[in-house]
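2 protein chains.
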Amino acid sequence: MAKVNPNFKNVSERYFSAEALKRAKPFIDENPGIEIVKLGIGDTSEPLVPAVIAGLREGVEKLSKRETYRGYGDEQGDTRLRKAISEWYGKRNIGIEPEEVFVSDGAKSDCGNILSLFSGASLIAISDPVYPAYRDSALITGRNIMYMECSEKNGFIPAIPKEKVDVLILCSPNNPTGAVATHAQLKSFVDYARKNKSIIIFDAAYSEYINGPTMPKSIYEIEGAKQCAIEIQSFSKSAGFTGVRLGWSIVPKSLIAEDGTEGVLNQYWNRRQMTMFNGASNIVQEGGMAVLSPLGQKQTHQQVAYYMENARIIREALESVGFNVFGGVNAPYIWLKCPEGTSSWELFDEFLTKAHVITTPGVAFGNSGEGYMRISAFGHREDIEKAVRSIRENFGTIAK
Amino acid sequence: MAKVNPNFKNVSERYFSAEALKRAKPFIDENPGIEIVKLGIGDTSEPLVPAVIAGLREGVEKLSKRETYRGYGDEQGDTRLRKAISEWYGKRNIGIEPEEVFVSDGAKSDCGNILSLFSGASLIAISDPVYPAYRDSALITGRNIMYMECSEKNGFIPAIPKEKVDVLILCSPNNPTGAVATHAQLKSFVDYARKNKSIIIFDAAYSEYINGPTMPKSIYEIEGAKQCAIEIQSFSKSAGFTGVRLGWSIVPKSLIAEDGTEGVLNQYWNRRQMTMFNGASNIVQEGGMAVLSPLGQKQTHQQVAYYMENARIIREALESVGFNVFGGVNAPYIWLKCPEGTSSWELFDEFLTKAHVITTPGVAFGNSGEGYMRISAFGHREDIEKAVRSIRENFGTIAK
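In the order they appear, the protein sequences are chains A and B.
Position 263, counted from 1, in the first sequence is what UniProt numbering calls 263; the numbers after and before it change by one each time, with no gaps.
Position 74, counted from 1, in the second sequence is what UniProt numbering calls 74; the numbers after and before it change by one each time, with no gaps.
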């Protein structure tokens, strides 16, 4: 008499990336001679840097010898990596204990699973538009959602909710808008959360794309955040680990929930991970330690700069033909406003059929994304230049 | 106002492996000169076989070059690996389509997450004793549990439930008892599930330890199982991937739930994985393909035989001193009956303090495990021999 989880009916049949590919397929199939540049999903394109390759090689070689082979590691992550992450925060003057670091197989898993910490009746506040995994995970697990609207008017950073919510999910730099919350904006959320004993889930997967020292790269730069915020991080975009899979979450011991004593959320997340996860791959964790080494940091920062130069090129080209663009300065995403009267999907089709560029329609990130389109700056430089030439040639100068 | 998930209060503070280590710690700390042999958790000890190391190396090298670097893979797994797994079943005359194969980061994740397919009100039948992750995952997600008792009387294979249940979790070869369900026993479960439109979750992580062709290695050897069973598999114990992390689940398209049309569970699991998982590491998946290659199969089977020789040695030694033992013939676990009047934890303490061997008390696997103890056959041969010598010397001949 197994009954299926009825909440699956509340999400679209396909995850957004699959939806865009499906939409593009007929044109691609009918035009086999046309080369398409894919700037849809935020997928890294450049090979792993040498320092990281060396770390991964070492990870493999260790498993080949009896003396260095290891089986199960700690579910929470290799002690050395947890320590390295703690020190990485320390260099930014943020005090995170290794026991507050939980290494994962990537931010996407944690974004979905972290909600298991909270009561099923929780009201979850989610930005709109935003990375769809939060919304879809919340829907599949049957949560109530309140959307925090992001628009040109508020610079795509939502205001604190007027009502009381239990959990707030924030993403800065934002995917898809590229907007970054200021210190003051994050402070308003931290103050709100502390006042209401709410918990903030802060997705900082793109923090390494922030240019310069003024914008906050971690929510823990805000005073009091360790009492109300969980931070999710990833090696995917900062080190090209999209397919390698590694990330982490910080679950501070000092978090305070409405009905939970200090320490309980750290303890429960520990219990969840020990029960339903067996740690990230030991090979991959060796790679993660290499990312955080001085040489790894230097080399991966250069790669981030490469993608940000892509972003500059795309942004400039789009502006030159008359598009109104946002983002692309502290994030690898350009958020493009559709010309008056053109929908997200219509502009998606135009970019595909005229410029042969795959993008992501803004509406895929939520209703408030309608009228916008996201272009990813990940890609080989020559592909970015090809896309840009094609955009310049095929769109000419259009009205804003 | 964040409220914590109240179900965490229904599980013990620590996962069972952490509990046993905690219990052993004082003795270890007070006796630094004594060398302890750890036969508690089922942790592989031998290095990865050469064919697999070659595959993993290739996985790393691909990421070092622009031409072969890949970012995100399919959340469901690399098409080549899904095909290889489908063919692996094909060699056993089981027809599984690649689209029914979902590659994961290991069986433990899937064992916990698979329950999200089913309504929160589902009644879950779980063997007792059994691998505690099922029970704890079900408790954390607030499910109702019905325990299926396994005892010496039923050869540690439970009978089908008398009442109607929604989901049944079976594990064969069983962890911890080492018992293997026969064709007839599995058929009774498949018949029950088809009659009641229940779904069986079949954990086959130890199937490679089955000796000879008569015992079923997959639930799909039973007619009709593709209408009622999900199978979870792992590279952990068959190829030493406990720390490398790789597994898979088969979610047939032909599954029939009480209120779900054919195909819906396959589609929902696909949606769950796309939303809350980003695929197993591409490096690790290259290793997985190497495991399934002819050379990989040959070499990993030799490693399994090595551990099974360990099991034979342990079993023989325990019997020679008078213990009543089960398992260890088609599974890498020996299930030892405690002498009359001795509890699981008491025997755990005796093995630790007298023989300097860490085991796992049977009661950690459920109430019906009280009065038993699990000994793992994973370990270097000389450690196994050391433990066995110590057991023979320190236990002498004891009453059954």
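Hints may contain errors.
Unchecked claim - Keeping only pairs whose Cα atoms sit at most 30 angstroms apart, straight-line, the calculated BS3-like set for lysine-lysine is: (1) A:91 - A:9; (2) A:9 - B:195; (3) B:62 - A:298.
For the record, the hints were derived by calculation from the structure and aren't laboratory data.
All values reported here derive from a predicted model rather than from experimental measurement.
_30 angstroms Cα cutoff - pair residue 62 of chain B, residue 298 of chain A_ = holds, 22 angstroms
*Compare the distance between the alpha carbons of residue 91 of chain A and residue 9 of chain A with 30 angstroms, and conclude whether the hinted pair is satisfied.*
violated, 46 angstroms
*Under the criterion that the straight-line Cα-Cα distance not exceed 30 angstroms, is the pair residue 9 of chain A, residue 195 of chain B satisfied?*
holds, 26 angstroms
Violated hint for the displayed structure: number 1, the only one.
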